[in-house]
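**Q** Now for the letters of each chain:
Protein chains: 2
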Amino acid sequence: MADFIFHPTTKVYFGKGNLPSLGAEIAACAKDILMVYGGGSIKKNGIYDKVMEILQKAGVDVVEFNGVESNPRLSTVRRGTDLAKESGAAAVLAIGGGSVIDCAKAVAAGAVYGGDPWDLLSYKVPAEKALPVFTVLTMSGTGSEMSSGSVITNEETKEKIGLDNPCLRPKASFLVPEFTYTVSPYQTACGSADVISHFFDFYYFAKADNLSMQRSIMESIMRTVVDYTPQAIKEPNNYEARANLMWAAAWGCSAITDSFAAGASMVLHFMEHELSAYYDVTHGHGLAILMPRWMEYVANDETMARLFYRFGVNVMGVDASLGEADGVKATIAALDQFLFDELGLKSRLSDLNIDEENFREMAEEACRLNGGKLQALVPLTAEDVVKIFTMCL
Amino acid sequence: MADFIFHPTTKVYFGKGNLPSLGAEIAACAKDILMVYGGGSIKKNGIYDKVMEILQKAGVDVVEFNGVESNPRLSTVRRGTDLAKESGAAAVLAIGGGSVIDCAKAVAAGAVYGGDPWDLLSYKVPAEKALPVFTVLTMSGTGSEMSSGSVITNEETKEKIGLDNPCLRPKASFLVPEFTYTVSPYQTACGSADVISHFFDFYYFAKADNLSMQRSIMESIMRTVVDYTPQAIKEPNNYEARANLMWAAAWGCSAITDSFAAGASMVLHFMEHELSAYYDVTHGHGLAILMPRWMEYVANDETMARLFYRFGVNVMGVDASLGEADGVKATIAALDQFLFDELGLKSRLSDLNIDEENFREMAEEACRLNGGKLQALVPLTAEDVVKIFTMCL
Chain A
18 MADFIFHPTT KVYFGKGNLP SLGAEIAACA KDILMVYGGG SIKKNGIYDK
68 VMEILQKAGV DVVEFNGVES NPRLSTVRRG TDLAKESGAA AVLAIGGGSV
118 IDCAKAVAAG AVYGGDPWDL LSYKVPAEKA LPVFTVLTMS GTGSEMSSGS
168 VITNEETKEK IGLDNPCLRP KASFLVPEFT YTVSPYQTAC GSADVISHFF
218 DFYYFAKADN LSMQRSIMES IMRTVVDYTP QAIKEPNNYE ARANLMWAAA
268 WGCSAITDSF AAGASMVLHF MEHELSAYYD VTHGHGLAIL MPRWMEYVAN
318 DETMARLFYR FGVNVMGVDA SLGEADGVKA TIAALDQFLF DELGLKSRLS
368 DLNIDEENFR EMAEEACRLN GGKLQALVPL TAEDVVKIFT MCL
Chain B
18 MADFIFHPTT KVYFGKGNLP SLGAEIAACA KDILMVYGGG SIKKNGIYDK
68 VMEILQKAGV DVVEFNGVES NPRLSTVRRG TDLAKESGAA AVLAIGGGSV
118 IDCAKAVAAG AVYGGDPWDL LSYKVPAEKA LPVFTVLTMS GTGSEMSSGS
168 VITNEETKEK IGLDNPCLRP KASFLVPEFT YTVSPYQTAC GSADVISHFF
218 DFYYFAKADN LSMQRSIMES IMRTVVDYTP QAIKEPNNYE ARANLMWAAA
268 WGCSAITDSF AAGASMVLHF MEHELSAYYD VTHGHGLAIL MPRWMEYVAN
318 DETMARLFYR FGVNVMGVDA SLGEADGVKA TIAALDQFLF DELGLKSRLS
368 DLNIDEENFR EMAEEACRLN GGKLQALVPL TAEDVVKIFT MCL
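Protein sequence lines, in the order shown, are assigned to chains A and B.
All letters in the first sequence, in the order written, are residues 18 to 410 by my numbering.
All letters in the second sequence, in the order written, are residues 18 to 410 by my numbering.
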């Protein structure tokens with residue numbers, strides 16, 4: 018087991034009964050806040066009214082910043098930052114999914130910085146402080162509600178960049194499973210693909226032999242996703258299914274998993290960031306398409322094959338007696354079946370009207386942003402990335 | 018899934034490479050500290066020197082309080098509290114296992130309270146604040162290094178009482194697997210029995226159907242203990258075995274598991290506390306003797322039987338095709354075999370020179386301290402507790 022530092026500071030309030038504590042949590046550190054949300058669905062489903070009532074009772078004054086898009090853009094972060102500064106907000110409350118929370122985090126850092134937020138996002142200037150961030154989660158998947166990361170797209174340069182700093186970690190997050198009842202089957206499927214991809218990417222397939230306890234916990238979380246996503250899609254109001262998915266997602270990419278991160282890499286995320294930067298693909302869908310094809314591409318590596326097989330047996334229910342070679346094939350087939358049949362996601366980039374036109378440029382950009390190569394157990398050059406993109410067509 | 022609040026605030030530094038950060042962590046909040054430890058083994062194995070060097074470099078002044086016994090006593094807490102007050106300590110550093118850490122926590126609370134620490138431990142006066150607590154762990158099992166609890170024995174009244182308050186949670190804990198290399202096979206076995214008992218007690222067998230993800234994670238942790246304890250006993254210097262056991266124990270009874278605690282009860286701990294209060298039994302050994310016999314006693318309950326069977330299949334490697342009735346028997350037999358054959362713990366209270374003399378008094382005391390009955394899925398009266406003690410003879 019490699020050395021690590023583990024410090025999950027976000028206070029999680031789980032369940033509807035705990036939502037009223039939002040008032041006291043925010044009031045303890047801010048009288049004026051910027052409230053960040055998306056396209057307004059929270060007004061239709063009643064979440065907006067519930068939160069506003071709690072904030073009013075607590076004497077918190079709210080300035081609203083809405084219209085945050087999925088794959089949130091630098092221009093949006095700039096506008097939010099300006100508004101936070103003008104309004105003198107002392108904290109930022111995000112109500113939404115990963116895009117809204119990521120935008121709120123970038124705004125929270127931008128609001129205490131004198132210059133352009135892109136300086137921070139592009140690591141030109143270290144982001145060392147931020148306004149306190151609170152979240153009310155309405156969609157599960159990214160794990161941003163407990164993580165220290167924020168991913169923003171610079172639409173001018175087509176760069177999608179992740180900023181990571183403990184100062185961005187939410188101070189408190191409110192996870193109310195009922196608030197995800199209205200998440201569509203498509204978005205539910207994308208969220209679950211995202212959760213699985215976090216383990217693929219960062220941890221499970223990172224290093225070979227020194228993560229026994231952590232791998233076993235990761236398998237528990239992934240199995241939870243595999244078990245409950247079909248149920249949440251069939252019965253959107255099933256509390257247990259939504260609750261299990263919500264809690265699994267929060268563990269997917271957070272300080273909880275810091276102890277898992279020995280040899281972490283982000284191969285899949287770096288490839289997917291190009292897809293969503295160029296084509297505004299829904300993050301989880303891009304990842305779903307990439308995962309099984311990446312597995313096929315690197316399955317010849319001995320360690321990878323062993324880990325794929327373990328994943329197949331312990332998460333996907335692959336027959337342990339198959340032996341490794343057949344087991345790996347069965348694992349990839351089981352993942353395909355889960356993502357594309359059970360969850361109903363389209364399996365090909367061509368289904369999303371993406372062709373090979375930009376593959377070379379995207380692959381080179383992914384590698385350029387990460388030191389020339391996507392470093393992992395099996396490192397990928399731009400050439401490799403083009404091949405994997407092509408396998409996804 | 019029941020509502021919960023999840024707030025694991027302890028910063029964990031895992032691995033030898035992180036130990037030097039102890040200096041800066043403590044210096045950031047205290048110039049003068051009370052350093053609490055046990056019988057002096059840390060002087061023999063070099064841990065004392067390493068820590069003192071780090072503290073000296075950081076300019077931290079140390080007053081030492083040593084000689085903390087296992088099952089730490091109120092009189093010890095009183096002496097430590099007096100010394101903390103006299104010396105003007107602004108923080109408490111525990112170097113040791115659960116007993117030392119529990120004592121340090123009680124001292125940390127006592128040091129900021131005007132009266133007798135027993136007022137706090139007996140809940141006469143709420144413990145709302147404490148000096149910051151830091152720990153360097155030298156023995157795994159109790160999970161005190163990440164938990165908000167402290168268990169102290171009042172040797173005059175033979176009461177063993179657990180105080181629980183977030184103010185007792187360590188600010189930072191340093192987990193160095195090498196520091197447990199000198200832990201004896203017996204203490205290693207007792208620590209592992211303690212870890213498993215935490216899940217038995219608080220969570221795994223607490224409620225029936227709404228803890229899917231949590232149960233799966235608990236199984237991962239318990240399986241880690243079952244896999245690695247025999248190895249750590251055979252090869253005391255095996256880093257991976259010690260590291261996995263250390264990290265598993267920290268998760269056993271901590272804020273991490275707050276989300277698991279729906280319907281939590283402490284049946285086994287409450288029974289064991291009587292054993293160690295009357296006979297100074299090693300906590301984990303008492304628990305090891307009680308666990309399988311308690312299972313036999315309550316296995317007729319339908320929900321219990323189902324959960325025992327799940328535990329058997331997913332943790333103890335019991336054959337899933339056995340069916341429930343035979344499966345439960347096989348599960349208890351597998352646990353007996355693990356604790357008493359593989360780990361080499363003596364299986365009977367009579368092996369520890371305990372007879373039935375005090376069983377009635379102990380059973381009544383356990384129930385009296387907990388509202389008349391040990392509340393759990395299958396509640397236990399004093400009569401039941403006497404029967405279980407007798408089964409352990």
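Derived by calculation from the structure, the hints in this document are not laboratory data.
Don't take every hint at face value.
Since copy identity is lost for identical chains, a pair holds within one copy or between any two.
Unchecked claim - Pairs of lysine-lysine residues, derived as DSS-like cross-links and limited to a Cα-Cα distance of at most 25 Å, are as follows:
hint	residue 1	residue 2
1	Lys-146	Lys-28
2	Lys-48	Lys-251
3	Lys-188	Lys-346
4	Lys-346	Lys-404
5	Lys-146	Lys-74
6	Lys-390	Lys-251
7	Lys-188	Lys-61
8	Lys-390	Lys-60
9	Lys-188	Lys-102
Since this is a predicted model, take the numbers as computed values, not measurements.
**Q** Hints the structure violates: just list their numbers, smallest first.
**A** Of the numbered hints, 2, 3, 5, 6, 7 and 8 do not hold.
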